[in-house]
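Protein chains: 4
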Amino acid sequence: MFKQKLQPRFAETDALGHINNAVLPVWFEQARTPIFEIFVPKLDVKKWTLILAKIEVEFVQEIFYGTNVEIHSYIEKIGNSSFVAYQEAWQSERLVAKGRATMVHFDHAVKKSILIPDMIRNQLVEHSIPPS
Amino acid sequence: MFKQKLQPRFAETDALGHINNAVLPVWFEQARTPIFEIFVPKLDVKKWTLILAKIEVEFVQEIFYGTNVEIHSYIEKIGNSSFVAYQEAWQSERLVAKGRATMVHFDHAVKKSILIPDMIRNQLVEHSIPPS
Amino acid sequence: MFKQKLQPRFAETDALGHINNAVLPVWFEQARTPIFEIFVPKLDVKKWTLILAKIEVEFVQEIFYGTNVEIHSYIEKIGNSSFVAYQEAWQSERLVAKGRATMVHFDHAVKKSILIPDMIRNQLVEHSIPPS
Amino acid sequence: MFKQKLQPRFAETDALGHINNAVLPVWFEQARTPIFEIFVPKLDVKKWTLILAKIEVEFVQEIFYGTNVEIHSYIEKIGNSSFVAYQEAWQSERLVAKGRATMVHFDHAVKKSILIPDMIRNQLVEHSIPPS
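Line by line, the protein sequences give chains A, B, C and D.
Quick note, the first sequence lines up with residues 0 to 131 if you use numbering that gives the first Met the number 0.
Quick note, the second sequence lines up with residues 0 to 131 if you use numbering that gives the first Met the number 0.
Quick note, the third sequence lines up with residues 0 to 131 if you use numbering that gives the first Met the number 0.
Quick note, the fourth sequence lines up with residues 0 to 131 if you use numbering that gives the first Met the number 0.
Hints were generated in silico from the structure; no laboratory data involved.
Just so you know, not all the hints are guaranteed correct.
The list cannot tell twin chains apart, which means a pair is met if one copy fits it or any two copies do.
[To be verified] Okay, derived cross-link-like pairs now, SDA-like style, lysine to any residue, Cα gap no bigger than 20 Å in a straight line:
hint, residue 1, residue 2
1, 111, 16
2, 4, 51
3, 46, 124
4, 110, 59
5, 111, 10
6, 45, 15
7, 41, 105
Please read these numbers as outputs of a predicted model, since none were measured by experiment.
Just need the whole structure built from these sequences, with the hints factored in.
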């Protein structure tokens, strides 16, 4: 599991007084940074080998400005060339949002998905969801 | 069906050279504005009666800067107090992304969902997906 | 003068109930798109020849969600390799914000500023602020 | 001086491969959070007593994804009801951007500026720029 602490930004609130829903995909993307690092050494954007196929986010509770948020990221499934990250946002001990992101290991030059090599797969497995 | 034309912003591109994925939920939210107007006369933020329960977005193709995008929004399902909008983003005659947003008719004062009245329901039905 | 009509997005409001201040630089950047087009044919991001050196924004009045905004962009000054755009945001006949952006004609390959050729200069001049 | 460490987000890059310029006002706003806390106990958005009158940002060097940024915020000037924050963004020991924000102590109920009380003034002074 990867943990990412975030300080909500005033610019991320909306007129309802809480964090705007459209911010969550940005936070979840940021919290996947350590996953990106497994695929892309030193996060070099010119050597990027991932694309995002799908996201989903459930908004469980209001998220407040003024209190830090912690994102927990797990690997839920690993296929041949794609995998799913499951993520939760927590604030003040409350689960406030959860989501999934399906990512594909991808060669941008030839525009094709590529197998996830074992070295990477093994690192992903270390962060998989523990059996409950 | 509601149509919203959008001009991609340079700030919305990312280092891969295309529109960043996390922008789509913002575009889809903007394209739901006419749906918001059905529930919230004059879009008065103090009289807002909707919350977002869930979103999902599928990224079908790269979205380019420099070419307009059109979002098509349909009502897919209507329950007692909630409904689902189905949305597609089109660019240069190509379907580039699609998504769903589950919204709940909600009383922010008492923090409870409320029935969708028939007057609103009838307007939503007019924008439902035609049988294929 | 260039005109850009914008529909404020719900995600762009903040907890004070209006459009967040940090949104203005994004709107002004979007409204400079026709200026970008003068320098970068077809807005091809791989052939980009501009960098931003400085921005300033004055917040004159609250900007409301639910009402369109129009941005007016003028060329204020043209130097050898740089120029200044002056921009105003109007909503409901009120001037709500104004700003300046200093841009430099730039060769990203060699990381050096380059002269603004006369053909471009002439197009910029057409959009300069009229003597008051 | 206030320090804020930030991890650049992938969504904050743009097609030129670096952090988009329009992100800096958001970062600087976030880095003013401890200043907000001086005025607004517990950062309660319903008790907000500040408005932003003006910002300016100079873009000194490219800002890269993959390396943390540190924002330094100082109080530069204090007037009767307004003050100016001066801010610098540093990445890998390089000054990459600097800016100023003019803020006004403000009563949102009556829409008027209000004097900065001595208790607040004294706290601001502690963070003023040291004589060089």
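Hint check:
For the homomeric pair residue 111 and residue 16, the shortest alpha-carbon distance between copies (17 Å) is at most 20 Å, but the shortest distance inside one copy (43 Å) is not. Taking identical chains as interchangeable, the C-alpha atoms of residue 4 and residue 51 are never at most 20 Å apart, the minima being 22 Å within one chain and 24 Å between chains. Proximity of residue 46 to residue 124 under the C-alpha cut-off of 20 Å is found in neither arrangement, the shortest distances being 23 Å within a copy and 41 Å between copies. In the homo-oligomer, the alpha carbons of residue 110 and residue 59 lie at most 20 Å apart only across protomers (13 Å), although the nearest pairing inside one protomer, at 36 Å, exceeds that limit.
In the homo-oligomer, the alpha carbons of residue 111 and residue 10 never lie at most 20 Å apart, since the shortest distance is 37 Å inside one protomer and 23 Å across protomers. For the identical chains of this complex, residue 45 and residue 15 are inter-copy neighbours only, at 8 Å across copies versus 39 Å inside a copy, given an alpha-carbon limit of 20 Å. With identical chains, the CA atoms of residue 41 and residue 105 are at most 20 Å apart within one copy only, with a shortest distance of 17 Å there and 28 Å across copies.
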